[in-house]
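Number of protein chains: 4
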Amino acid sequence: MKKIAVGLVGVTGYTGMELTRLMENHPHMELTRVTSRSEAGKPLRAVYPFLQGLKSGDIVITEPDPADLAANCDLVFLAVPHGAAMETAAALRAKDLKVVDLSADFRLHDVATFREWYKSEHTQTDCLAEAVYGLPELHADAVKGAKLIANPGCYPTASILALAPALRHGFIETGGIVIDAKSGTSGAGRKAAVGSLYCEVADTFKPYNLTKHRHTPEIEQELSLLAGVDITVSFNPHLLPVNRGILATIYTQPKEGVSFDAIRAAYEADYAPHTFVRVLPQGSLPELRSVRGTMFCDIALMHDPRTGRLIIVSAIDNLCRGASGQAIANANLMCGLPLETGLWCAPMVP
Amino acid sequence: MKKIAVGLVGVTGYTGMELTRLMENHPHMELTRVTSRSEAGKPLRAVYPFLQGLKSGDIVITEPDPADLAANCDLVFLAVPHGAAMETAAALRAKDLKVVDLSADFRLHDVATFREWYKSEHTQTDCLAEAVYGLPELHADAVKGAKLIANPGCYPTASILALAPALRHGFIETGGIVIDAKSGTSGAGRKAAVGSLYCEVADTFKPYNLTKHRHTPEIEQELSLLAGVDITVSFNPHLLPVNRGILATIYTQPKEGVSFDAIRAAYEADYAPHTFVRVLPQGSLPELRSVRGTMFCDIALMHDPRTGRLIIVSAIDNLCRGASGQAIANANLMCGLPLETGLWCAPMVP
Amino acid sequence: MKKIAVGLVGVTGYTGMELTRLMENHPHMELTRVTSRSEAGKPLRAVYPFLQGLKSGDIVITEPDPADLAANCDLVFLAVPHGAAMETAAALRAKDLKVVDLSADFRLHDVATFREWYKSEHTQTDCLAEAVYGLPELHADAVKGAKLIANPGCYPTASILALAPALRHGFIETGGIVIDAKSGTSGAGRKAAVGSLYCEVADTFKPYNLTKHRHTPEIEQELSLLAGVDITVSFNPHLLPVNRGILATIYTQPKEGVSFDAIRAAYEADYAPHTFVRVLPQGSLPELRSVRGTMFCDIALMHDPRTGRLIIVSAIDNLCRGASGQAIANANLMCGLPLETGLWCAPMVP
Amino acid sequence: MKKIAVGLVGVTGYTGMELTRLMENHPHMELTRVTSRSEAGKPLRAVYPFLQGLKSGDIVITEPDPADLAANCDLVFLAVPHGAAMETAAALRAKDLKVVDLSADFRLHDVATFREWYKSEHTQTDCLAEAVYGLPELHADAVKGAKLIANPGCYPTASILALAPALRHGFIETGGIVIDAKSGTSGAGRKAAVGSLYCEVADTFKPYNLTKHRHTPEIEQELSLLAGVDITVSFNPHLLPVNRGILATIYTQPKEGVSFDAIRAAYEADYAPHTFVRVLPQGSLPELRSVRGTMFCDIALMHDPRTGRLIIVSAIDNLCRGASGQAIANANLMCGLPLETGLWCAPMVP
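Protein chains in written order, with this note's numbering: chain V, 529 to 878; chain L, 529 to 878; chain S, 529 to 878; chain F, 529 to 878.
Same shape as in the complex, but just chain V (with noise of 0.2 angstroms):
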């Protein structure tokens, strides 16, 4: 079988990083071209000497010319900023090339929204339009048939994920949720700033962003759509000393005469047919390093008799579920492969 080729759009950030860790050992697609404005005509390897030996570190990084992409592509990555993406996507779009998007540009569908939270004017509005939200688990079969991915972020992902049979089947209270999040630092990016430094970041915890991240609407939306009425969430993330992996727990209500049994049933009669969704037995919880590298998200269910609340905690890997895993997971579905492909492994512990 003759490899699917993909494109990756800005590799020198840590999700473009990321997906080619995972693209060395997908046995039906191919990177053939990797950009970078500032790094192109360099080997891969000269950028990313950890590559050196693998398929990928020979790769000559290029300049992003969708002319180019689309010469040499079936699929493209996107792995660039919010904004930037926008104008790329349309111009590969316009080749007809499939595109998936792991910027927000095209995540939330209301463009007055998304113009309140990212400051500035969506300028693709039909793409925007045959954009699909790639969470398969919910979006399976739109994302199947699209040509446009645009791939969750990595808090949504954790916090949909986990309140998503919930709300589906009405077992708890809409208002009222509460969304304590931690992140590792590479959700910050590959950027150099004061406040990524190693000095800065290790030994410590803080909260950021509290009450106004940008996540927060694409969650909502989301949830939204799942409970079939509008919801606003209180979302307040927190910054973690370690490279990997988001934990939300998340504080919930459960309705007037709904069992934790029932609730639970539900939970794990949903997701099983969904290989990455793991629904953990009662009495174990979530950890970073159970989904480390991998596309599993880990949930866990816990009653406080004493609060009558229902507490749901969820994990999951920014880079690979969050990001680039799940953005392969979206491409493998659109060509028509199954979900897993090149995506199933043992998370990396210790």
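Hints were generated in silico from the structure; no laboratory data involved. Treat the numbers as computed from the prediction; the structure is a model and nothing was measured. Positions of the beta carbon are idealized from the N, C-alpha and C atoms, including for glycine. Where hints are given, some of them may not hold.
[What the hints assert, rightly or not] Covered stretches of chain V (in silico footprint by chain F; criterion: 3 or more residues with CB under 8 angstroms from a CB of chain F, positions within the stretch not fixed):
{"no.": "1", "segment": "697-703"}
{"no.": "2", "segment": "720-734"}
[Unchecked claim] Below are the BS3-like pairs computed for lysine-lysine, each with C-alpha atoms no more than 27 angstroms apart in a straight line:
{"no.": "3", "chain 1": "L", "residue 1": "783", "chain 2": "V", "residue 2": "740"}
{"no.": "4", "chain 1": "V", "residue 1": "530", "chain 2": "V", "residue 2": "583"}
{"no.": "5", "chain 1": "F", "residue 1": "734", "chain 2": "V", "residue 2": "583"}
{"no.": "6", "chain 1": "V", "residue 1": "734", "chain 2": "F", "residue 2": "570"}
{"no.": "7", "chain 1": "L", "residue 1": "740", "chain 2": "V", "residue 2": "783"}
{"no.": "8", "chain 1": "F", "residue 1": "570", "chain 2": "F", "residue 2": "647"}
{"no.": "9", "chain 1": "V", "residue 1": "783", "chain 2": "L", "residue 2": "783"}
{"no.": "10", "chain 1": "V", "residue 1": "623", "chain 2": "V", "residue 2": "672"}
{"no.": "11", "chain 1": "F", "residue 1": "734", "chain 2": "S", "residue 2": "734"}
{"no.": "12", "chain 1": "S", "residue 1": "719", "chain 2": "S", "residue 2": "734"}
{"no.": "13", "chain 1": "L", "residue 1": "734", "chain 2": "S", "residue 2": "583"}
{"no.": "14", "chain 1": "V", "residue 1": "734", "chain 2": "L", "residue 2": "734"}
{"no.": "15", "chain 1": "S", "residue 1": "783", "chain 2": "F", "residue 2": "783"}
{"no.": "16", "chain 1": "F", "residue 1": "719", "chain 2": "V", "residue 2": "734"}
Since the structure of chain V is already known, use the hints to place chains L, S and F on it.
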């Protein structure tokens, strides 16, 4: 001025270690006894090589003998596990020694609550009756006259200080409070256990003891006293890959008509006389390193206009403010010294 | 093709954990037995929750019974402490099972040297006589025909591969070699010990076992065979606050008249056929993350014109290349498979 | 006693940060000026929120104006990059201010060596002529009378103190010395750079600048003075995933006939008067945490009977002993105060 002679029962744990560190520069107290059954007979520097050349390094470890302690100390710190502390405290009180107990044995005023959460009987109810809960910002006057101090737990210190003004002034609903707390690993103690190994904690993050942590009733006791009504909280701890520090993110609901400005003003006024509590200016958020090695409790107040919530974030050093430093602060007050004596310093950053 | 059935004796340590991780995606081998005396009867996922949903998670742990292993396995990996491995290996060899022993029991050809460094007698000298030291780049042909493999230690793997070409070709003085080695904490094993606690290892760094580490004679044995003369090295390990990885900085003296270019050329030529050894280009230096989770041994050569020294730096993942991955590579060769089978992947960065 | 007024030029780096931390409790010095071109006009707590409530937090940052510094300070610390320090020092010396320069500008006595390693001309040779190399254990008398101190580099401090007695007494060969040094990441400074990001440093380890680090000539200068002959060393640094600390493992060859006991006795005697150098007892080894936040330099001596080598291990805190603490110690001596003033404390463990 002759120095106050103090003893330390239980030197081999992290709180004992921290107490020897802090005592090195105390201008009016002197460690005259440190005890450990397993290490008796050795100089302290044989157990803690980093104390070579320091005053405490030359102290010879002794067995924990009440008569010997009474003959050589004015005040004794107990840094032994709960259960064990109870009997030792009673023996030392029988000799009229001042005692600061770092364990949980005298923190809960109600023996039934103690039995329920600690699964054992309280055998020293006379001592319990005279014990004062040693959170100086709340109970300084009682501490000054006390002979036996129940030194607060680390999570309760961070949680109670964060919520005290809001509850004292009746600003927030007393139901539905959520405390999402994150602690460094020294909180797990210095006992050999697979779960506390470097390779089980580093580069990961996880919740533990959700809804069941023993610090819950201690938090509820003090919050209920402040509010004047019984309060049940949802308290949920997580384990951080850092040595020291606790950060609590607390979700509350202001009562109808209470303005955020009024809340902030009350926090600033209430804590103005308390140099070790720092109410951060609007826009500044606590982080662990800002309090590392210090007695500071940093508190931020965030109003979320989208959900109406008041989010309170607090941070302490679990070993210093959450244990040994606070124990010395209480001892200072018991001995007629200013609270800050020997404890004032800048945090170690980075 | 029917899969080769393999067993793992000793699943509760980090090397056992790593072997189950790597086996998940092996295309031609299948774990049929995992053993642990303390955990027998449980499914593996009860001990390692991160294996839920994976093939190995459902394997029920058994007692290490040679008859049962012989009935169900073609080859057995021993991941038990030295001393214990000896007897088990003999019992399995008596049933003609292929054995890869990850312990030190069969690494030293000379029983007197074993006695001196391990303070115990070797009781299985027949097995010792047939054992092959399984460093594939040096002994692949012998490994292919072997029934019992002594899987190399982690430090020896990094040290021997770094020095092999220089000694084989007689480029450097055989006296005065210094190996300054640094290892991640998983090398200390998964036993509960105060010295391996997170709070004893994180945010610090220290040498240990200077001049006395048991990997010294193993390194000297192989270097002496390569050089054709007896070699004594100064081997000195340090403990790093990371989970995985060994980096060795090796100080040597080129012989009079040997050019640095000749040395580099020999390294590149010697390792050209060996895909898992990467001789880095001039100016590039190894680091732990570049080999994380992989079989790669990265080697850099530095000439210091000021002192005349040749400095060799090598890096491996101590759990993968330094233990379980190398064990699988040896098993591959013993079973007629290509060395790389199931082991090829990009490093996990970051 | 009126406090000595001191200024700090360059407060935004880690050494500036550390100096403000240490100054908080200095009994006889007071920070009256802190400068930064980029942050002038703000109170220091606006830049360093962790200084809220502390004395230094209220200091308003000023431009580095020599006239203003002269009017308000008795002594000035320079914590600016090399090159920049040279001119500022000259301007301050022209106003007869005492200066402690933390940069490398006045450390090398020989301008040709400076030019070779720093690739620039020395423009202030008059100042260079009066500068004293401020390693107190070697040059305390000169420091007491000095007006301009070249504060030693971090690696040189650890290396020179470790080797001084051995070379002073002629115990070891002066050729072939290898210094394998490992440093925490704060040594790389607080500038935004991809290579210093958390995700580039955490969970990895690597050598850097092998054979080429600029601290090499500084080490050689002082070792040569001690030995009375020119010494060339092989100095090789590595980057540790910790915030603070340097550990150097040093490989030497004792001269024929020199006993290990004589060496140990000389180290203990030489350093007996120097409270900040701790020669560890036989069997004890330095580690970074044992010196964290302190002025201690811990030194261990190991004899390897198999190779005949003497291995010396030393550890310091690079920010305190290797920079700002040592700067204050020198300032203490220059102002007639005991060396230890304001600097005595126990290390922060854990």
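Results of checking the hints against the structure:
Check result for the segment 697-703 of chain V against chain F: violated, 0 residues qualifying (beta carbon to beta carbon below 8 angstroms, three or more required). Restraint check on the segment 720-734 of chain V versus chain F: 11 residues with Cβ-Cβ distances below 8 angstroms, three needed, restraint holds. At roughly 23 angstroms between alpha-carbon atoms, residue 783 (chain L) and residue 740 (chain V) fall within 27 angstroms of each other, so this suggested pair holds. The straight-line distance between the Cα atoms of residue 530 (chain V) and residue 583 (chain V) is roughly 17 angstroms, inside the 27 angstroms bound, and the hint therefore holds.
Using a Cα cut-off of 27 angstroms, the hinted pair residue 734 (chain F) and residue 583 (chain V) holds, with the two alpha carbons roughly 24 angstroms apart. For the hint linking residue 734 (chain V) to residue 570 (chain F), the alpha-carbon distance of about 24 angstroms falls within 27 angstroms, and the restraint holds. At roughly 23 angstroms between alpha-carbon atoms, residue 740 (chain L) and residue 783 (chain V) fall within 27 angstroms of each other, so this suggested pair holds. Among the hinted pairs, residue 570 (chain F) with residue 647 (chain F) is inconsistent with the structure: their alpha-carbon atoms are about 35 angstroms apart, more than 27 angstroms.
With a CA separation close to 23 angstroms, the supplied pair residue 783 (chain V) and residue 783 (chain L) stays within the 27 angstroms bound. A hinted pair counts as satisfied when its Cα atoms are at most 27 angstroms apart, and residue 623 (chain V) with residue 672 (chain V) qualifies at roughly 19 angstroms. Between residue 734 (chain F) and residue 734 (chain S) the CA atoms are separated by roughly 16 angstroms; this keeps the pair inside 27 angstroms, and the hint holds. Of the supplied pair hints, the one linking residue 719 (chain S) and residue 734 (chain S) holds, its CA atoms being roughly 20 angstroms apart against a limit of 27 angstroms.
For the given pair, residue 734 (chain L) sits about 24 angstroms from residue 583 (chain S) by alpha-carbon distance, which is consistent with the 27 angstroms threshold. Taking the CA atoms of residue 734 (chain V) and residue 734 (chain L), the gap is near 16 angstroms; set against the 27 angstroms cutoff, the hint holds. The hinted pair formed by residue 783 (chain S) and residue 783 (chain F) meets the criterion: a straight-line CA distance of about 23 angstroms does not exceed 27 angstroms. The straight-line distance between the Cα atoms of residue 719 (chain F) and residue 734 (chain V) is roughly 21 angstroms, inside the 27 angstroms bound, and the hint therefore holds.
In summary, the numbered hints that this structure violates are 1 and 8.
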